[in-house]
Structure formats: structure tokens, C-alpha cells
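Student: We have chain D; now place chain A onto it with these hints.
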Amino acid sequence: MAKAKIGIYWAAACGGCDCALLEVNEQILDVVAAADILLWPCAADPKYSDLRGYKNGEIDIVLFNGAIRTQENRELAQLIRTKTKYLVAFGSCAQSGGVIGLANQSSRDEIFSTVFGDQANWPQLSSNQDGYDLHLPEFLPRLTNLAEVVEVDYVVPGCPPPKQIVSALFTALVAGDLPATGTVFASSKNLCEECSREREQLKITQILRPHAHESDPDKCLLDQGFMCMGPATRGGCLAVCPAANMPCTGCAGPTANIRDQGAAMLNTVASLIGTGEEGEDQLAAEDAILAQFDDIVGTFYRFGAATSIFKERYHERNATTR
Amino acid sequence: MSSPRIGVFVCHCGLNIERTVDTQSVSETLRQYSGVAFVSDYDYMCSDPGQQLVSDAIREHRLTGVVIAACSPAMHEPTFRRAADDAGLNSYLVEMANIREHCSWVHLDRAEATAKAVKIIKTMVEKVRGNHPLDPVRIDHVDKCLVIGAGITGIQAALDVADAGFQVLLVEKEPSIGGHMAQLSETFPTLDCSQCILTPKMVEASRHPNIELLTYSEVLDVAGYVGNYTVKIRKNPTYVDPDKCNLCGDCEKVCPQSVPSEFERGLVDRKAIYIPFQQAVPSTYTLDEHSCLGLQPLRCSECAKVCAPGAINFDMQPEILQEEVAAIIVTTGYDMYPILNLGEYGGGDVPDVIDGLQFERMLSASGPTGGQVRRPSDGRVPKRVVFVQCAGSRDPENHNAYCSKICCMYTAKHALLYRHAVPESEAIIFYIDIRAGGKGYEEFVQNATEHEQIQYLRGKVAKIYREGDKVMLWGVDTLSGKKVEIEADLVVLALSMDPHPSTLALTKTLKISCGGEGFLKEAHPKLRPVETLTAGIYVAGAGQGPKDIPESVAQGSAAAAKTIALLTQDKLSHSPETVSIDEEICGGCGVCVGMCPYTALSLTAAGVAECNEVLCEGCGTCVSACPTGAAQLKNLTDFQLREMIEVALADG
Numbered sequence: 000m001a002k003a004k005i006g007i008y009w010a011a012a013c014g015g016c017d018c019a020l021l022e023v024n025e026q027i028l029d030v031v032a033a034a035d036i037l038l039w040p041c042a043a044d045p046k047y048s049d050l051r052g053y054k055n056g057e058i059d060i061v062l063f064n065g066a067i068r069t070q071e072n073r074e075l076a077q078l079i080r081t082k083t084k085y086l087v088a089f090g091s092c093a094q095s096g097g098v099i100g101l102a103n104q105s106s107r108d109e110i111f112s113t114v115f116g117d118q119a120n121w122p123q124l125s126s127n128q129d130g131y132d133l134h135l136p137e138f139l140p141r142l143t144n145l146a147e148v149v150e151v152d153y154v155v156p157g158c159p160p161p162k163q164i165v166s167a168l169f170t171a172l173v174a175g176d177l178p179a180t181g182t183v184f185a186s187s188k189n190l191c192e193e194c195s196r197e198r199e200q201l202k203i204t205q206i207l208r209p210h211a212h213e214s215d216p217d218k219c220l221l222d223q224g225f226m227c228m229g230p231a232t233r234g235g236c237l238a239v240c241p242a243a244n245m246p247c248t249g250c251a252g253p254t255a256n257i258r259d260q261g262a263a264m265l266n267t268v269a270s271l272i273g274t275g276e277e278g279e280d281q282l283a284a285e286d287a288i289l290a291q292f293d294d295i296v297g298t299f300y301r302f303g304a305a306t307s308i309f310k311e312r313y314h315e316r317n318a319t320t321r
Numbered sequence: 000m001s002s003p004r005i006g007v008f009v010c011h012c013g014l015n016i017e018r019t020v021d022t023q024s025v026s027e028t029l030r031q032y033s034g035v036a037f038v039s040d041y042d043y044m045c046s047d048p049g050q051q052l053v054s055d056a057i058r059e060h061r062l063t064g065v066v067i068a069a070c071s072p073a074m075h076e077p078t079f080r081r082a083a084d085d086a087g088l089n090s091y092l093v094e095m096a097n098i099r100e101h102c103s104w105v106h107l108d109r110a111e112a113t114a115k116a117v118k119i120i121k122t123m124v125e126k127v128r129g130n131h132p133l134d135p136v137r138i139d140h141v142d143k144c145l146v147i148g149a150g151i152t153g154i155q156a157a158l159d160v161a162d163a164g165f166q167v168l169l170v171e172k173e174p175s176i177g178g179h180m181a182q183l184s185e186t187f188p189t190l191d192c193s194q195c196i197l198t199p200k201m202v203e204a205s206r207h208p209n210i211e212l213l214t215y216s217e218v219l220d221v222a223g224y225v226g227n228y229t230v231k232i233r234k235n236p237t238y239v240d241p242d243k244c245n246l247c248g249d250c251e252k253v254c255p256q257s258v259p260s261e262f263e264r265g266l267v268d269r270k271a272i273y274i275p276f277q278q279a280v281p282s283t284y285t286l287d288e289h290s291c292l293g294l295q296p297l298r299c300s301e302c303a304k305v306c307a308p309g310a311i312n313f314d315m316q317p318e319i320l321q322e323e324v325a326a327i328i329v330t331t332g333y334d335m336y337p338i339l340n341l342g343e344y345g346g347g348d349v350p351d352v353i354d355g356l357q358f359e360r361m362l363s364a365s366g367p368t369g370g371q372v373r374r375p376s377d378g379r380v381p382k383r384v385v386f387v388q389c390a391g392s393r394d395p396e397n398h399n400a401y402c403s404k405i406c407c408m409y410t411a412k413h414a415l416l417y418r419h420a421v422p423e424s425e426a427i428i429f430y431i432d433i434r435a436g437g438k439g440y441e442e443f444v445q446n447a448t449e450h451e452q453i454q455y456l457r458g459k460v461a462k463i464y465r466e467g468d469k470v471m472l473w474g475v476d477t478l479s480g481k482k483v484e485i486e487a488d489l490v491v492l493a494l495s496m497d498p499h500p501s502t503l504a505l506t507k508t509l510k511i512s513c514g515g516e517g518f519l520k521e522a523h524p525k526l527r528p529v530e531t532l533t534a535g536i537y538v539a540g541a542g543q544g545p546k547d548i549p550e551s552v553a554q555g556s557a558a559a560a561k562t563i564a565l566l567t568q569d570k571l572s573h574s575p576e577t578v579s580i581d582e583e584i585c586g587g588c589g590v591c592v593g594m595c596p597y598t599a600l601s602l603t604a605a606g607v608a609e610c611n612e613v614l615c616e617g618c619g620t621c622v623s624a625c626p627t628g629a630a631q632l633k634n635l636t637d638f639q640l641r642e643m644i645e646v647a648l649a650d651g
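Heads up: the sequence lines are chains D and A, in that order.
Read in numbering that gives the first Met the number 0, the first sequence has 75 at position 76, and its numbers run on one by one without any break.
Read in numbering that gives the first Met the number 0, the second sequence has 102 at position 103, and its numbers run on one by one without any break.
Source of the hints: derived by calculation from the structure; they are not laboratory data.
As the structure is a computational prediction, the values presented were derived from the model and not from experiment.
All the given hints hold, so there is nothing to weed out.
No more than 30 Å apart at the CA atoms, straight line, and that leaves these computed lysine-lysine pairs for DSS-like:
id : chain 1 : residue 1 : chain 2 : residue 2
1  : D       : Lys218    : A       : Lys507
2  : A       : Lys382    : A       : Lys481
3  : A       : Lys231    : A       : Lys200
4  : A       : Lys507    : A       : Lys143
5  : D       : Lys202    : A       : Lys520
6  : A       : Lys525    : A       : Lys404
7  : D       : Lys202    : A       : Lys231
8  : A       : Lys507    : A       : Lys633
9  : D       : Lys202    : A       : Lys507
10 : D       : Lys202    : A       : Lys633
11 : A       : Lys510    : D       : Lys202
12 : A       : Lys520    : A       : Lys507
13 : A       : Lys382    : A       : Lys459
14 : D       : Lys310    : A       : Lys118
15 : A       : Lys404    : A       : Lys481
16 : A       : Lys404    : A       : Lys561
Okay, chain D solo, but in the shape it has when bound (with noise of 0.2 Å):
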């Protein structure tokens, strides 16, 4: 049998999907030994002339990381479609944006502020230094995921993916043995089922955050006030998180028949908010906790907000290109 050419490709990451491909161990040796591995670029150094130089689908499968940012982002994205026959979405950015997607909360001019000062330092599509002429990619308006910029096959949700999650997928790569595409390397199940923590049903009283209040380890985060997304969110990942004392946070994104996991979140939390007795004051009560939220779109929103339904924060695009 001839051995399986696979990629792996990073967008805008931060380098911990790749840090996450060996987290297998000697798995990738097995890896290694069943497929040739023609695309790494945070291990080895190809160019993009030779991804361009292979047929089309002449690469079994790609592991995409990354978010799409920039319009290399987006070229490649659409380059490495053409030459491979399954594209996964590996890791939170790929599969909805991930933790960068917040950044859609703010204009393009706000970050270029933000990162670089002053407009005179602001990096320009095209310059000369040095007798060279520089080309940068353009910083696309808005970041997407990638399947808002080709059709994707697989997602292996995480941010990082964990490790069964991603042992569970060569597995199925080694044996030759993909499932149909379309699905998600997770449980089809919410956190809770993995999560260990007794729920009690209570309502939220008060939204506490981890770093600041010592929590239960044996009651429900959110039973206590924590902000845990587990019950928005796909399991997979066996509960690390709240094993740890930390909340969930939502990085392998919501279920099947969700669309927006923040707003699902927000509905339960909402429905969940609650200070007992009704009557008069019940709202004031409601609305009082509600203001001890320090950042919603940063806490239900964290890896899902480039694919909202909301998608970014509406403001007057610069049309200035650069």
C-alpha cells in the first residue's frame, strides 16, 4: 500500500496545535511510518512553490491551524483546498476563530493603534527598504475560521486539541479508516457528562470569577457562580478544566444544534440567574447580578466570536487599503 501524503499547515496561530501534534508521544512515530508527511512548516521549511508544484488532490489530508487573518491566510487556505482530499479544521481557530476572533470587536485601525502606535509606524502593503521592495499580506477587515473560506471535512475542536482527541484521529488516519465527513473529533455530548462535579440545580446568585474566589471542587462551577461554558460546550476532552479547579472556557465549541454558542450559554445562564422568591424586587435582584459581569463577550464568546452570529462589532470600515 502506498504510504499517505499528509500536511499540516498553520494560519494565524499561536503554535500550539503543533505543540499539541506531539503531545501523542511515540503515536506520531506510527504516524510517520504510515504517511509522508509534504507540509510542515513549523517543522521543516517548504515553500510555496512546492505546495503549488503538487497535483490536485494529490495530498490525502491536511491538519489546518490557524485562523484566517491575513490574505495569505486566506490564499493558502484556498490553495492547500485544491491540492488536498480532506481539509480538517484542527484546533479552535480553524474550527470558529478561536481566542483571536475577539479581535473583531475592534476595528482594524483600533488594533493597528493598539499594536503599533502611532499611523507613521503603522506596516505598509507595499515598501522599499533597503533598495528592497517589501510586499506584505493584506490584513484582511474581519477574521474568519476556516470553513467561512473553503469547505472543510473534519473538525478537531481544542485549543488546544487534546491529546485523545488527536490520537483518535491518527488512529483513524494510520488504519486508513476516516469516518464520513463532517465530523467533529469530539463527543457529540456536552461537558457535563465527563464533568465529575455534582450539579445541584441551584440558581446563580452571584458570577464569580475563578482567579479572584477559591471554588468547590466537588460541586458544579456554575452551581457556585463560575462561568463554566461546559454545558454549551462539546466534551471530548475528559474535563480537564474543571478537574483543575478552572471553568470551562468553551474551546471545543458548541454542539451540533447549537449555531451560536455564546447566545446558548447566555440563554442558560439567563435562565438560570435568580434570586429565589418572586416578587417586586426579583428584577432589580436579577439585574444586580447581572452587572457583576465584567466581560461577556470575553467569557461566553472566548473562542466563538468570529463565528457568532454577531460576527464582529459594527463600526464604520476604513476603506483604506494597506
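Tutor: Just chain A, lined up with the frame of chain D:
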């Protein structure tokens, strides 16, 4: 699956829709819409020929779904679902697109209304496209009902259901049935003796072979669903064996503890061991453990010592009964607005300022004064009595905003009876408006004003206080515009009617709702006045809102009729438009369980949510709270809603 063939039927509703919506143009547009196989419009789709048109089209065009563009589904959804069923199409593939209440009635611009009607219909086409055939849920039921509260309303309801041949459990919190009607002297407008017309019904209720009477009892818990409610009832100990008690009254004579009599509205005292009134049903003494010296032979056992038949048993314990009932009729009744809240009228402070029920007891031949009107302060017969209507009613700033409805009538009656009872007396009534709607009511008030020399003063009383042995009233006569100051011997306040204080807690037990004023809430104020939103639970009487005896009795009978209609069915049917849980997705977080107002949801041992479709009323509360989308309403899934919203928000 083959492609959908949806029929759209556009109703003109005479001119109701046609006047503002161009139904021809709507029909033309819909004919081009994807999935629509047949479109027709008609003057009155709900008429027989209109329904026939729908049935025929279903058969001829092999329709897989139907959208009736007409009025609200609350009006004719059952009509068309039945018509579809007759034509062999599952009822739940039929939906109403409301282009009347939601469109033609609320718009003036014909072009815009027509465009909106098209959108409304398209959204319903999208809904029907996602609908699945469903079958009603069939439920077995027990043959018994529970009536909570045995005032005149509850007694009437219980008798009607029992006469139809079904078992009734009649639960009353007080030691005797009869409610407030037992306290009344004579009833307006016919002036028949209240007890004379009530007590036969009380006796009948206690003797009826189909009625089990549980007095001094309270409903603790209700679980289950229509046809199969499980109720827990606590029968409080009376410490007197009713079978042994011979009503000799010896116990009462020796009892050293006196407390104000509830039945006599505190005009006189009763003993700790007492019978509320002579005609009480059941006819037995009750030892009130809260006022008894201690239920201990060592501390005081005077009553037990003198009780010849040995009926008194200090060791009696509360009994917890569990019963299965198919339906529940709630008749919790009313209470008077607390007189203490009316400080400006000397409430609770001036002894000769009393409430209407106290006055009833005075007028009653069986009352503490033997039917004579006497001042509580010194027992003298008052020569001038001032009656103040709307005391605590129609006063949104300070008291209840609503009208208590019966006060105009009973105040006229009070004044009239007082004038008859005390010669040379003067009766003055302060009123805001006279509301005497009802058979013979206006004539009654007219007679009081014209022939009984009762003086009606239109205006509000500002202040009532004591001066010497008189009661002073300051007020305004709004007809003359003058301030008035009246010196009265006795003042009778027509206090507002409040829901009984037990109402709120009971509604929580029953999971039914109260309106803003605290009265029991009906399913629809006009068309479903005795039903609640929970199937099999009915409300009637003054607990639902202020009303007089005839209305209360009518509601009691109405609730009984609803109950009988339920009990006579072989099996009950329940809408299948309930919640389903996708077990592949549900991770068992349990958020939904706590949300369900009908306790339809629970977590299984396997750790997934489960919906009892018999209990589920399809409200969707759990669906919006479910963080995984595992909970979905059948035929109104998130997917369907998204499709509908997309069509609604699309251009054109």
C-alpha cells in the same frame, strides 16, 4: 423523501383581511414559492364550503402540508386540523398563518400589508416544510376529582361533579365548610336568608355518597398530570372524635381559654375548644391547638374531664393522605382587605369602625347580637351609621386598584337592613360610583335610595377618627363641592376583597399562576374563564376575582362541567407538540429540569434528560435554557425557527 407539496389557502375573512391585504396578489406570489403545490383563496375559509375546499385540495393534489392564511391559530386551528384529518392528512401538518390579527387589522397601507402577509405565509410554509406527522398522546385517568375550598363555589362544584356520578374529594382548611356565605345575614337583591339557602347545600355535600369531605385539612403537595394527579393532604387533628361528640357543649363551658372568634369576625370570643357556628358541617367540636393551654392532661384537661362520651383525644396526630385525582378545582375564595391597612379610616384603632362582614354578623339572627345592630365599643344601638364604599378599592396609589364589585350592592343592603332594624335611624353612604350591574340590582339600589330614606353622598372620605363616644368623618361631597363633616355612631367600611392569603402558596404547589393582584389566573379572561394553563386544573369563585354569589355558583358549575367533560372521556388526549430530547446530544447538565414549570423533565439513571410528554405543555422554556440544543419542541425546532426567521428577514 419526496419533495413537499404544500397547499396555501388564503382567507378574505369577508373584508376583515381583504380590505387591507390584496389576497389575489398574495396568492399569485405564493404560487411561485418553492414547495407550494396549490394555492386558493376564498371569502370565508372557515365556512363549510371553505373547509370542503381544503379537504378536496388535500385529496386531489396529494398535499403533504397545509398553510391556512387567515386568523389566529387560537381561533380556527382546530377547525382546519380536523378538516385535514378528515381528508387523510395528519393534523399536525396544518398550520395557521395569521394575516388578520398580525397583519390586516393592525395596518392601513394596503401595499405594505400585502407584502407582510406574503412574508407571514412564507414563514409558515417553511415551518410546515419542517413539520412531522404527530399523534396525540393518549392517557388513562382516574375517576375522581379534588375540590380545594368548600365555600359556596366549591360546594356547588363538588355537588355537580358528584351528581354526575363521579367521586369528589372536597378539602376545606377551616373546621367547617360553608365559607364566607355562612357568615352573611341576607343576600342581595332578593334578601333571602343566606344560611337558609346555603345550609341545605352544606348538608347535601356532607351526605352525598360521592363526596368525601376533608375539613380542617390542607393540600400539601401535587404531582402528576391531567387525569392522574397525586395529591398529598394533611388532615389536621381536631382532638375531638366526631363520631363520639354529641355536641353537648360541656367542654366549651369549662374551657378557660378564650380567643377572638374567626367566624364572628372578632366581635365576640370563642373558646379553644369550639364549634364555629351552629349549623357547622361537620357538626362537631374542634380543639384549636394554637389557643389550647397545651394539649396535656397535666396542664389543663378540663374539657376531657367533662366530656361524657369521651370524645376528646389529646394524642390525635395529623394524618397525611395520598389520593389520585383526575382534575382539580381550585376555589380558594377571598378575604377582606386588612382593616389595619386603613389607618386613615381608624382601622383597628377606632372600635366603632367595623368591616362589612362584621356588620353581616350583627345583622344575622344567629350572630353575636342576635340580629341587633350594636356598637362594639359600648353596646348601644347606633342611631346614625355611615357606610363607606371603596374602602381599599379603586385606590391605586394607596390600596387595591381594582373594583371589588360586590360592595355597592351589599352596602345598599346593609343600609336597608339597618334602617329596618333600627327605627328613627339615619343611614348615610359615601360612594364614588354606584355599580349595580346584575339582574334586579339597579332596582334594589333605586328602592334603597327612593323608599328607604338612605342618603347617598358622592365622594371620598378623607379621614375617620374618634371624638368622645362618636366617630367623626371628614369627606367631600363632590356633587355640591362642599366639605362634609359627619358625626356618626358607627362606621361600616366596605373593605376591598383580597384573594385569600393562602392563594399564592397554593398556586405554587399546583404550579398555576396568579394575576398581578394575586387572584387565580384563568387561561383566557373571556373564552376560558374557569380553566388554567395547566390541563385538568380549574379555578372558580372569588379566588379568581371579586364576584358575588350567583357568579360564584355559576363558575363553580362551569368548573364542574369542565371536570365532568374530562372524567367522562375514555382516555384523555394531550397535544403531541411537546419537547423531545436528543439523547445523542444531551450530556445531562440538568439545566432544563429546574426550568420546567410542569415538572415534565427529569434526569434518567443514564444521565440524560427525559420528557414526560403527558406533563409537557410545550411552552419551550427548557428549549431556550438548554445549552446543547438537545431539547427541541416537536414541529417548532430551532432549525425550523431559523428557516422561518431567514424568510422573514429576507429581502422582498
